[in-house]
Every structure is written in C-alpha cells, then in structure tokens.
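Keeping the supplied structure of chain A fixed, place chain B upon it in accordance with the hints.
The lines below spell out each chain.
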Amino acid sequence: MQNINWRLISTHTILIIGVLFMSLPVWVAFATSTHAPETILRNGLQFWPGGHFFETYNEVLFVEGGVMKKVTALAMLKNSLILGVGFAVGKVVISMLAAYAIVYFRFRLAVPLFWVIFMTLLLPLEVRIIPSFQVVSGLGLLDTHTGLIVPLIASATGTFFFRQFFRSVPDELLEAARLDGATPWRFFVDILIPLSKTMIAAILIIMFVVGWNQYLWPLIMTTKEENYTLVIGIKQIYQILAEGGELPQYQKAFALTILATLPPVLVVLVFQNWFVKGLVESEK
Amino acid sequence: MASIELTGIHKTYPNGAIAVRGVDMNIDDGNFIVFVGPSGCGKSTLLRMIAGLENITSGTIKISDRVINDVSPADRDVAMVFQNYALYPHMSVRGNMSYGLKNRGLPKTEINDKVEEAAKMLRIYDFLDRQPNQLSGGQRQRVAMGRAIVREPKVFLFDEPLSNLDAKLRVQMRIEIKRLQRRMGVTSIYVTHDQTEAMTLADSLAVINQGKIEQMGPPIELYENPATLFVASFIGLPQINLINVRFDGKKLNNGEVSLGGFKGLPTDTDLVLGIRPDTLSEAKPAKLKLRVDLVERHGAENLIYGTLIGADIADEDATEFCFKSDQHDLPDIGSTLKLNFDPKQAFVFKKSNGERLV
Chain A
1 MQNINWRLIS
11 THTILIIGVL
21 FMSLPVWVAF
31 ATSTHAPETI
41 LRNGLQFWPG
51 GHFFETYNEV
61 LFVEGGVMKK
71 VTALAMLKNS
81 LILGVGFAVG
91 KVVISMLAAY
101 AIVYFRFRLA
111 VPLFWVIFMT
121 LLLPLEVRII
131 PSFQVVSGLG
141 LLDTHTGLIV
151 PLIASATGTF
161 FFRQFFRSVP
171 DELLEAARLD
181 GATPWRFFVD
191 ILIPLSKTMI
201 AAILIIMFVV
211 GWNQYLWPLI
221 MTTKEENYTL
231 VIGIKQIYQI
241 LAEGGELPQY
251 QKAFALTILA
261 TLPPVLVVLV
271 FQNWFVKGLV
281 ESEK
Chain B
1001 MASIELTGIH
1011 KTYPNGAIAV
1021 RGVDMNIDDG
1031 NFIVFVGPSG
1041 CGKSTLLRMI
1051 AGLENITSGT
1061 IKISDRVIND
1071 VSPADRDVAM
1081 VFQNYALYPH
1091 MSVRGNMSYG
1101 LKNRGLPKTE
1111 INDKVEEAAK
1121 MLRIYDFLDR
1131 QPNQLSGGQR
1141 QRVAMGRAIV
1151 REPKVFLFDE
1161 PLSNLDAKLR
1171 VQMRIEIKRL
1181 QRRMGVTSIY
1191 VTHDQTEAMT
1201 LADSLAVINQ
1211 GKIEQMGPPI
1221 ELYENPATLF
1231 VASFIGLPQI
1241 NLINVRFDGK
1251 KLNNGEVSLG
1261 GFKGLPTDTD
1271 LVLGIRPDTL
1281 SEAKPAKLKL
1291 RVDLVERHGA
1301 ENLIYGTLIG
1311 ADIADEDATE
1321 FCFKSDQHDL
1331 PDIGSTLKLN
1341 FDPKQAFVFK
1351 KSNGERLV
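Protein chains in written order, with this note's numbering: chain A, 1 to 284; chain B, 1001 to 1358.
Chain A extracted, bound-state conformation (with noise of 0.2 Å):
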C-alpha cells in the first residue's frame, strides 16, 4: 500500500508541475492584462487579477485606435476567424476531393500523382512564399480574404488522412449504392460525406487551429491594418512596446494574447469528443 500511495503521489507531482508549467505564462498573462498599465510598470509582471478587466478589454475590443492607430481587436478577431474558418472549410473539401478522385476513379497516374501531392508536405509555404506572393499580387489578391485563404488551402496531409479513410471504407457499400443508381457526385455526398464525418470534424478542428496561428504569410499579405489577423496585431503591438515613444501598454498587449488563444481552446473543448472519435474510431 506504501508503495502504491507514493506512486500516486510522485506521478502526480509531476503532471502537475507539467500543468503548472503550460498554464501558469497563460494566467500571468490573464492577471496581468487586468491591471493598470503604471501599476505594471512599477511592479512588474502580476499574479492576481486587478481591477481593470473591463476597462482593458473594452478598449482593445471596440475603441478603434486603443491598440493600434485604426483597428479593433474585434476587427482583428474578425479577420482571423475568416481565415481560421475558410482555411480549415478549404482545406478539407479540397483534400476530400483530392482523395476521392484518387481512390475511387481508375485513371492514369493516379498513384504517382498521389505521390507528388504527398511529396508537397516536403515544401511548406516558407519554401514557395515568394512565388505565392507574386502569384496573388499578380491577381490582385493582395489585402483580401481570398488571396488570404487560397494559396495556404491545398493540403497533403488533408489528402492522406482521407485517401486512407476512404480506403477503409468497403467496396460493397460502393457497390450497393451503384445499383441502388447513386451518381458518383451522389456517392459522394450521400454515403461519403456522412462516413467521414468524425474524420471530418477532427480535421477541421486541427486546420483550424493552424489557419488561427498562421503567422508568415497574413504578415506578408496584409498592409492595411483593417486586414490584420489577430496573430499580426499582436506582433505589431509588441513591436510597438519595443519601440516606445508611448507610456507602453502592456495590460493591452496581454489581453490581445489572451484573445487570441481564446477561441482555439473554445473549439478544441467544445469540439473535443468529435475530435477524439475521428482520430480514434470510425464506424463503418
């Protein structure tokens, strides 16, 4: 019994040192976006919460120029839900239908293409941004959502995930739904897309996510402040910090932190049972 009791006690010292030490920056962070800036200044970082929460985020969500010259958080926040959404909604209907083509239709090529897209995993966009870039400039893409979205959508890993999903799935449902007269765009839609739907959750959880820390490229693409993603203001508000020329407003560049970790941790939570079944199971 001593022995088991002492197990118990050293395994969990140690998950919650690991706790402590992912969570406590987050609520230095949160403590401290609640305090005054001249108390920050004189005191330093904060343990406890102050007295200045709603002042803080109030202004950083919805007074233009509290942050930065023209833009809101909100707008930010805006921004980097469009290109969270529209990255993870992009990459998984491109790469489901890059794998279905890949599984389910007989042409030439089909495995060495499906290589090639593999092989793509290998170039990141760092590899290929200046060409990107002079691809979207060159369409007069630059400061939209679109040239935003589009060039980050294609996915390999999107594509693998789902080419071995459908691969799993039995050729006599295929089957059965040919003589049940089912069009493949039918297929697709009737007996695919509902297969796929935990796989489809957890990609969309994970795209998400990366679409929302997307750093690079918003940061090349955007000039204009009402463009910025949250991820850009907040570099742009340290840089402000680093600068000075201002009384610096540290409680604002954390609360700007804070919401900008705030909604991926919404969706993995809300999301988190979906996201496990699509990683872990599939019924079929």
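Please keep in mind that the hints were generated in silico from the structure rather than gathered at the bench.
Just to be clear, a hint being listed does not mean it is correct.
As the list claims (entries may be wrong) - Below, a list of computed lysine to aspartate or glutamate pairs in the DMTMM-like style, where the Cα atoms sit at most 20 Å apart:
no.: 1; chain 1: B; residue 1: LYS1350; chain 2: B; residue 2: ASP1248
no.: 2; chain 1: B; residue 1: LYS1102; chain 2: B; residue 2: GLU1152
no.: 3; chain 1: B; residue 1: LYS1102; chain 2: A; residue 2: GLU175
no.: 4; chain 1: B; residue 1: LYS1351; chain 2: B; residue 2: ASP1312
no.: 5; chain 1: B; residue 1: LYS1289; chain 2: B; residue 2: ASP1332
no.: 6; chain 1: B; residue 1: LYS1154; chain 2: A; residue 2: GLU175
Only chain B this time, still in chain A's reference frame:
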C-alpha cells in the same frame, strides 16, 4: 420478371488471372439458380458480371433479350444482396431501403408505401427507424433483402448472403429466402459454396469449377446423376466415397478389393469408383470390409468412418471411407463391418479427366 441468357462469357483480370472461361447459360423467367463451387472458381465473378460490377472480357449477357454488356448497373434492373450486407451505416433502415428509389426519383409517398410493405413482408417493420448497428445479423440481412425487394427488380442476385450468419439463423433465413422468391416469382441467382444451401434453394444448380460450368440441372439430378467426378465429389453430404480402381475386363480391382457387376469399361486407364455413403448397406455377401475408426452420431443417423480392408490406399488425397447408418448401429472402434452396395447406384469415372463412364 426476366429471363437471362449468357453466351460465351469470359473474364480475364488485368493482371492476367482468368476467372471465367466460357460460360453459356439460359435461365428461365422466375427460376432460382444457384451457382456453387469451391472458392476461387469464378462463381462470384460471374454474378458480379451480371450485376455490372465487373467488366465482361468477351461474350454477351442478355436480360429479357436486351444485351446489357455496356449498361450501367443501375439501369440493368437488378438488385443484389451482399455477403456483408453492405448497408449504409449512417442511414436508418428506412433510409437504406428507400435510397435506391429516391435515386430513381419516385415520389415520397410511393417510396414510403413500398418500403413499409416490404418491411412488413420481411418482419422488420418495427425496426424501420433504427440504425443498422442496432440490429442483429439476421435483421441486417433482412434489411439488405428489403433494399433489394423495394426496387422490384427483374433479377435478384445473392452473393453468399448467409455466410456471415450463425448456423441456426442460416437455416431459418434459407427457408425465408426460398419462400420469398416463390412468392415474388423473381428470377434469382444465388452464389454459395455451401452445398446444403445449394441443394435446398435451387430450382436449377450450376456447379462451377475453374471458371467453367461442370454441370447444370435440378439439384437432385446432379446428386443422382453427376456428369463428372468433380460434381459427384462436390455435391452430397457426407461426401461420396471415392476409390481408385482398374478394370480387368470383369472386375474393378484395388489391392485385394475386387468388385464385380461392371461391364464395358476401359482396361487401359485408371478409374475412380464413387459410392455414396447412403447407398451402402450392411449385408452379406460382403463386397467391402470396413475397419471402423470413428463414429459420428448425428442423432437420426450415424456416420461411420474407417479404412477399407485390403485396399491399396497409396493415394494421398483419398478420404476416409464413410458409411451412413441409422442411429442404432453403433459398431465398436476397431471392429470390422461388412458392406454391400448396388453397382447400379455406383459411379465410375475416368481418373484422367473426371469423365463419367457408368
């Protein structure tokens, strides 16, 4: 309602494997045909070609005098029941059954009527709003049949539909399928490797071996009058007893076993004598002596296995000799039984090509 006509059907897979080599067959309207054969004999391929799920390498398939070689599966007016049911897992029973009708653009009320009627017939009416994973194997198989029935197809195709069910349910479903087919009178083709199913269901049985039809006809005719060694050994349970023999002009000989009563057989070639276990009887004079080494009690009958005394059983694939007796006959292990049979009920085949001689 439809007749089916297969002419010169061949199937070669892209990798060069030949699955079907020249099948000709006429199936009359309303008949229940069973394809039976060992696994890999091409029976499923043949069925899938009729369904339109496999391309036909050469030959023509006609349903009701219409050539359907290049008609899409949906337009052939056939319905198929799969071995693993192939129900759409995310649709309710009702959804599964109505999907085909929906794709054909039938009005909703009509679909509903048809689905409910079929569901009543199959006794799955109470499950209409359940998901397939809430159903037992037998119920799922019923849904799969319901999906086929509602379409009112010209032809039913069954691809080993009962293989995934347990033995008791299989017997029950077998009877239901037969009854259903009688009632609806739809031309049906049923693929199985289970010869009990084959014997009991078929109006006409096609024994397929290596991509060819060995023999086709009413089951009992195939049992009583097999055309080849393959058919004789495939049809009948317990399996027919086969003994390698040679003819010396008067008698069939194997080691010390010598059997008279046969005439006009070639003397220059190896022959195989086939005797069904149920045509043997314990009687004198003994033509065959059996040393008993196993008795299987099946209730109403006993199957007695052993080796033939005096026979030269060098042939490695020669199975044990079996004798079907009634339940009161319980010989001791190691004892000797004296058996007799009527030469008229025995078959003699040429060993080289399996051709039946007598």
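Flag every earlier hint the structure violates by its number, smallest first. No numbers; nothing is violated.
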